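All chains should be modelled from the sequences, with the hints used to inform the complete structure.
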Amino acid sequence: MKAITKFLEALSDNYYEKFLIENPYIQKDYENKYYSEVLYNKKVYYEIELDDISTLITEILLKLKAKYKKAISEVYIEIANKSSSEIHSIIENLIKSVNVNLKVIKNDFYIYDKNSRYFSETNFNSQDFSIQSAINLFSEEINNGKYFDVNKNVFSSFDLYYESERGFVLSYLPVALFTIGNAFILELIRIKEEAISNEIKIAIPETSKLKWDGKPAHLGYIIGMLADSEFLDAPKRDSGDINYTQFAKQVLNVFNVNTTENTLSKYLNTTTEKAQETKRKFDEIGFDIPHKKRVN
Numbered sequence: 001m002k003a004i005t006k007f008l009e010a011l012s013d014n015y016y017e018k019f020l021i022e023n024p025y026i027q028k029d030y031e032n033k034y035y036s037e038v039l040y041n042k043k044v045y046y047e048i049e050l051d052d053i054s055t056l057i058t059e060i061l062l063k064l065k066a067k068y069k070k071a072i073s074e075v076y077i078e079i080a081n082k083s084s085s086e087i088h089s090i091i092e093n094l095i096k097s098v099n100v101n102l103k104v105i106k107n108d109f110y111i112y113d114k115n116s117r118y119f120s121e122t123n124f125n126s127q128d129f130s131i132q133s134a135i136n137l138f139s140e141e142i143n144n145g146k147y148f149d150v151n152k153n154v155f156s157s158f159d160l161y162y163e164s165e166r167g168f169v170l171s172y173l174p175v176a177l178f179t180i181g182n183a184f185i186l187e188l189i190r191i192k193e194e195a196i197s198n199e200i201k202i203a204i205p206e207t208s209k210l211k212w213d214g215k216p217a218h219l220g221y222i223i224g225m226l227a228d229s230e231f232l233d234a235p236k237r238d239s240g241d242i243n244y245t246q247f248a249k250q251v252l253n254v255f256n257v258n259t260t261e262n263t264l265s266k267y268l269n270t271t272t273e274k275a276q277e278t279k280r281k282f283d284e285i286g287f288d289i290p291h292k293k294r295v296n
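Residue numbers (the numbering used here): 1 to 296.
FYI, nobody ran anything at the bench for these hints, they're computed from the structure. Be a bit skeptical, because a hint or two may be false.
Stated by the list, open to error - Restraint ranges, calculated between C-beta atoms of paired labels, are given here:
hint: 1; residue 1: 100; residue 2: 69; range: 17 to 27 Å
hint: 2; residue 1: 5; residue 2: 271; range: 23 to 33 Å
hint: 3; residue 1: 261; residue 2: 183; range: 30 to 40 Å
hint: 4; residue 1: 59; residue 2: 168; range: 10 to 20 Å
hint: 5; residue 1: 103; residue 2: 78; range: 22 to 32 Å
Said to hold, decoys possible - SDA-like mimics (lysine to any residue), calculated; alpha carbons at most 25 Å apart, straight line:
hint: 6; residue 1: 114; residue 2: 93
hint: 7; residue 1: 281; residue 2: 231
hint: 8; residue 1: 82; residue 2: 238
hint: 9; residue 1: 292; residue 2: 208
hint: 10; residue 1: 266; residue 2: 233
hint: 11; residue 1: 114; residue 2: 186
hint: 12; residue 1: 63; residue 2: 13
hint: 13; residue 1: 114; residue 2: 38
hint: 14; residue 1: 18; residue 2: 53
hint: 15; residue 1: 6; residue 2: 164
hint: 16; residue 1: 292; residue 2: 235
hint: 17; residue 1: 106; residue 2: 64
hint: 18; residue 1: 70; residue 2: 88
hint: 19; residue 1: 274; residue 2: 252
hint: 20; residue 1: 96; residue 2: 117
hint: 21; residue 1: 114; residue 2: 49
hint: 22; residue 1: 106; residue 2: 188
hint: 23; residue 1: 103; residue 2: 185
hint: 24; residue 1: 70; residue 2: 10
Because the structure is a prediction, the values reported are computed rather than measured. Beta carbons are placed, not taken as given, at the ideal position from N, Cα and C, and that holds for glycine.
Structure follows, in structure tokens:
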């Protein structure tokens, strides 16, 4: 499940570190940018400008969108031709994996909480202001039944505006990631319910299939011969005969070929008239697939 793993890794990544630099003076156009000095994991960094953070967030979400689509395609491939119990197990395990990541992401919502991976201290050298000191003072006043006195010189108007804007920008990403993770779970549940109830045929995206460049008759005959020679275990009816309709569905879940289940099933059954026409052409050039027992 390579695509699913990449999606989950991207979903739970600590992106705040991408918004930090150690030396702003080597950055392009640094003199025209505002870098906020922060203390993060006991080390001093410079947080890039909020507009640049917003741009990076957009890029992160666009890349995640592409990974999301590939992960969903891979889910369809994983559950193709599986039994209801197998589908249930696969989907439920995936949901558990996503929920583990969502618990981590949820802790990131409030960036002024030390449990958040986005937590850092701004103006940590200032004797007059820090956002945490302001929060503590607010809480103390409210707990004492008083209203906060705005005349107390705890923060400047710039500090208040910047911290408010900073909190909004940084919190947006974990909230967006949490939303995407929940959307993925809802899609998994939908896929599971539709697959198990057989309300719709599970269709694997054509881009995820092997493209067959020959004729559909050739594909059907070759795969049919592989089944006849016991290299493939084709789906069977209760009588023990091959179920060529189900066989055709399985083949179409693997190959991107321009044909229908009904037509392909006739070529998969190598005893039909259509398959025999193809067999004669193959015999003319000496094409043969030996029985498995002959080469084992």
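### Query
Can you list which hints this structure breaks, lowest number first?
2, 6, 9, 11 and 15
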